[in-house]
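Trainee: Chains as they are written, first to last, in my numbering: chain A, 1 to 300; chain B, 1 to 1151.
What the hints contain is simulated information worked out from the structure, not anything from laboratory work. A virtual CB, placed ideally from N, CA and C, is assigned to each residue, including glycine. One thing to keep in mind: the hints can contain errors.
According to the in silico footprint, chain A covers these stretches of chain B (three or more CB under 8 angstroms from chain A) [as the list claims (entries may be wrong)]:
1. 140-148
2. 569-577
3. 815-825
4. 906-917
These are the residues of each chain, in order.
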Amino acid sequence: MSSSLSPSRLANYATCPRLYDYRYAQDVNAPDRTELYLNQGTIYHETIEDVCTATDRDDDAETIHDRAMQVFEAKWDEHSTPDDYESAAHQEYQRAENRAAIASFFDPDGGDGIEHARFSAATECWVECEVEGRALHGKADNVIRTEDGLHIFDYKRNTNGVLSSRTAEYLGDHLDGEAHEPKRVRNAFQTAVYVEGMKNEPFYEDGMEVRFSFYGLLNSTSFESTPSGYDVSARGWPRETTEIYEEHYDTIWALIRDAHDGITSETYEPDLLDLITEEACPDCDYREMCPDRLSTEVQQ
Amino acid sequence: MSDDAEYPSWYPVPEENVSPEPQQQTIIDSDAYPMRVLAGAGTGKTFTMVRKIEHLIDEEGVSPDRILALTFTNNAADSMREKLNAKLGTAGYDIDAYTYHSICNEILTDYAYEAGIDPDFEVATDAEKYAIVLDVLDEIEYRSVKPNVYGSDGYASGAASKLLNFIGSMKRSGITPDDIDAFLGPADRVYDLGDLPERIETIASDHLGGRSVSSVLDSLPDVRDELTAERDALGTNGIKASARDFLDRLIDVCDALETAFEAHDNGERDLPDNAYKLPKYLFGGYASGAPKGIPNNLDLELTDHLDSFVSDCLAARDLTAGYAAYEQELDERNLIDFDGLVVETATLMDSPIGEEIAERWDYVFCDEFQDTDRLQFDLVTSLVTDDNLFVVGDDDQAIYEWRGANVANITDELDRAFTALTDEPLEENFRSRQPILDLANEAIQKLDHRERHKTLTRVDEPAYDGDTVATVELPGEDDDADGASQLRTVVQNVLSGAADNLDEAYDPGDIAVLVRKNAHATPVIEEFEDAGIPYQVAGDLATESVGVGTVTAYLKALARPEDEVSWNRVLLMRYRLCDADLRTLNAGDEPLVDTLREAPLDEFEEPDRVAKARKHATELLELRDAASLSHLYRELKDVTNIEWYLSEQERRDLTQLDDVIDQYGESAVQPPLTPEFIDSLEHYDSLFDESGTTPTSQPDVADDAVNVMTIHKSKGLDFPVVLIPQITAEEWAPSSRTYDALETALSDGATAAFAQDFVERDARETRRVFHVGITRAEDILVLQGGSEEDDEAADEESVSERVDEILPARIPWQPERGHLPLWTDVQECLPGDAVDWTNTLAGQTIGDVGGSINHDGEEVAVETARDRVLTLATATLDGALSSRTEREVLRVASLTGPTIPSPSLSHSYTSLAAYEECPRSHYLEYVVNAFPDYQETTSNDGDGVSQRTIGLLFHDTAEQAANQGVECREEWYGICERLASQRRAEDALPAAKQCIDRYFELDLPGYEIIDAEREFELDIDGHELVGYIDAVYRTPDDDLLVIDYKATERHRDLQDDKQLPIYLLACRDLYDEPVTRAGYAYVGEIGPKVETRTFSDGDLEVVRNDVTESMHRIAEFSFSRYTAGEHCQWCQHNQLPCAPDSFTVGPGFEE
């Protein structure tokens, strides 16, 4: 059997095979990237996880909210370090923003988080599946029981640029080499692996509906200036990709097969260099060392 | 640009042959002070100023040290000093020639005690300022300023960058944190005004929604009442006074509207259609811009001005605490920033000691006075005693108003400060051809509020047969909308000179592309890259240059050894490691740098390359913490020879990084390489994008590449050919800047905030920028532009005009402000003989551009040939090259072309000696000017100073000393030190001084020096032999003696020598008396000694015959003949197989 791969690795490969080579195959250490968003991600992920674990179905909303705020403060102290920030003020501002996001998510008056906590079946749920001999795995942030089955949530800072019904057609373009859409391909990989993986979980029963959504906790933030300081607020909402997965099932699995086979066979030569140079290179951590990119510059 | 390639640009050459023109002479001879000279572009204002100073010293007997000369750039101050020195000898150096900033540095150092500062203070560098700003971020009182230090676009929009900009804006105008505190008051007071713009808009939308002129007219009194109530509720100090003044102006608008509408109702006045919507629109009553019927580009939502002023004030309220903390931090670190130098000095000059300081000088001369700011004006006036002030400048070239320069300094302010001012004009231009000046004269007429009118006229215009002013119409909306390929074609044509419309072919260094903004340069550079046109971008870090990227990566890797991306870059691009070896280094959990240093070499496929990388990395990492950044950088370049791997373009690109590193840390001891330096390098562009555009910095100009720079940077420079791209209303649109209104209110009083339109001000400046651009051109000016056709334009124009008639005088904002129809103006101002190059020289190349190449019997384009070579090379690498019986040869005309010696080949003693040693080395060095081979640097040359540098320094010192009649050792030292600092060759200074010491142990200093660095040209049998004689002395026996200085360790045999006889042959033409004696003066380590001998006529004839024979033989120069031997070790081409194997460092080349 081939080695098991995560959506994240597959997506890296889909972004650029050479990127996968450097990041995973050769494990080249890139210069310090800013850790602050990474640590903030850990904070809200762990906060939601802890709140879901501690919450019973009949806990009242206020209790859940207060619990969330307490957990958040503890997690913030645990994971947020001044080293990530150039100033204490910047750190405090980020704390306020994240805190506002958690407060809004667990708003006793209709915050989505209240239901997410009450009906959570599992958090940080390890899922595995094998499709056509290709092993895959992933970790789902939260699995919620619904009337008709299960709903998996992946929590993010925001859902800007996440796969939508309007942009789903780009998946086919990516497969055909006509467009470069690694972020949306990644969303599709996540949806596929979690939906299929969930079907192997003990709490899955035949006939259950399995849904998948991204949830952007800080989809909308606002900054209000006052004579004594500033106020921030944040609000989040989900974006579901289940239907897109069903509609583009064949395309998505063809993409997964390509990436999986590429990684397994250690094929790291980028195919569509022009597209990748334009779309992926500008943000790549390895651009300064990559002969594939440098050769295009030198040729000029 | 100069034919005189022997002399670098800084070299002091006395302008003996240039005599002043009448206008200049009047100024030079005049003893009227104070005097102001408004001098147009290219009229020789600095020349005149220097001559006037000379005149004072030479003719009026003024002591040089009683004269203070001020200018903006170090280059200008140095060149002024050099020119005076060249003319006056050492006396020239006694003149205090300073920049406006360095004089402050000097005064503050001398009077530190009186100024209340530590005399050991240092000037803060950009990197230090940035570090301090990061340190004080927590002092900002975040209310409206977001605390983000960086955002999605990096640091540019973050708090650090906001604070840095704020401090810059305020400090340039001498505004202190206390001033701002006093103006704004506590936060509550500022926030009271926060809603005022919105309330005004509400008033407008509540009352002014009427559907006819008369119904709106009825509502206007209510609006006035409410605005008046708002006004009366405001205080009369600081920010409130500004807001109050704004409301006053709006009330005036109410009155004016009422008058106009009443007149309309009475049938006495015509109003534009939809005029009833105008009041609501003016006061901002429409939620989303102009309503239907009001032209969109009217741009007259007046309340917006208050709104942006208030938000600037809110931001200022937050940032002021950060500014105060920054000041305090500077103080604690004993630093003064650039702006602070002037602030502190102005304060000191205001104190009782000021007078004493001013008495140090009798005369003050000021250059580029239009660029001075308010503080500098005060400084200058406080330095002037007895009105002995001389000021030159050009108000038409004032382009730094946006950085705080006060144009009025050179006009009204000067009038006010000195009632007895004498004005002299300088309008005779020595630079540009008359049609260029005609255009410049015409176009500047469009400048509103132009105080003084000058008309530039060319004098002594040389003959010229070609187009002078050419326009190129930008293509429409197709692929080449930025028109860059047009400019590429123009440059190609100008370089080839084949077109009939051109008088001659120009060199790349003759051409400049001057841009309004950096974005205009990018597409042009890309085209130049494609076409292989060499270029240099002034003041640009060239971060996109691959070669610079590799050098920077090396620094990054050394600063942060855990940065494996940078190591990989270096290993790939400098050491050319193969993929397998890179994978070996990257494998495993060990950090790459450890593997590089420790892994057994036999694990690698190319162990030699890895070993070399290991050696260099280890050496440099050890050096890192102990050495200064500059030293480490120099070692990096020496040890790794990394520059050899760069293309010529990349080496040009690298000079900017050289400069940044040189200037990093101005303290006596430069800090070592740190991660902070790397950070500052990365933020260089976003944080200090203005540093290249201050009046205080002037870029170095390339003489072998097309110069690309902003017009701001081109000030004071000139080029035979100037191209100005993308002249359109949109691309040149003026704008206002953050804190404009606040800064003005703080400088000129609260009611000044809304007294002028800053966009209009910028529009005027934009016209002056254009003027500066035009007047850089000597022979050819190419203007590329276009204007958008607008069908509604005529309609809108009439609306604008009529609205303008209604608005009261106290409203500074005009309709369509910010619309600068520059291209339309150009068309109107074009001189009669201007030509349109759109379809000619910008449309197609004429003649052979880039040469032709023959391959396989067919003539192919350069690109095609290049592709074929690449395909063949790839095939070789892949082992897929098919063997053919016939040999294919690429013939490049410019390389294989005519085999007869080029007529310009001239000989010198050194070139002949080279030929004697080895014809091949002569061919490579003197005939084809070949690229030197890769050379392993010898690490045993100790301090890394080349003998050549030391020798040059000594020779040039000796020459200057001779020309100035300097006879004592200390003065020689002085010259030598100055030269070393100009060349950044301080390293060579101690050795050069030792040479001077040895020289002074000889008898020579006691002899009379007749000539130094005397150039000669011998014609022998039709061959040209040229050279320089180091020195000719008159001995105490009244004989002439030719001396050649030798600072090297090599001893010469006088018997077989040819150099000295050649000099003596040359002397036959140079001197009336016979010269028979010549020798070497050894001032290097084998000295001091002088060895001379006498040469008879017979000796000279023998040498003459030898030399003639050599020169005949060289006529058949060729690559194929060579002689190997000892001399190969010094040969720049000893990696060729002709050299003994011992000199080969790499795999070597094969023929």
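Trainee: So, for every hint listed, does it hold in this structure?
Mentor: Against the structure, the hints come out as follows:
1. 140-148: Answer holds; 7 residues pass the 8 angstroms Cβ test.
2. 569-577: Holds: 3 residues of the stretch 569-577 of chain B have a Cβ under 8 angstroms from chain A.
3. 815-825: With 0 residues closer than 8 angstroms to chain A, the stretch 815-825 of chain B misses the three-residue bar; violated.
4. 906-917: n = 0 at 8 angstroms, threshold three: violated.
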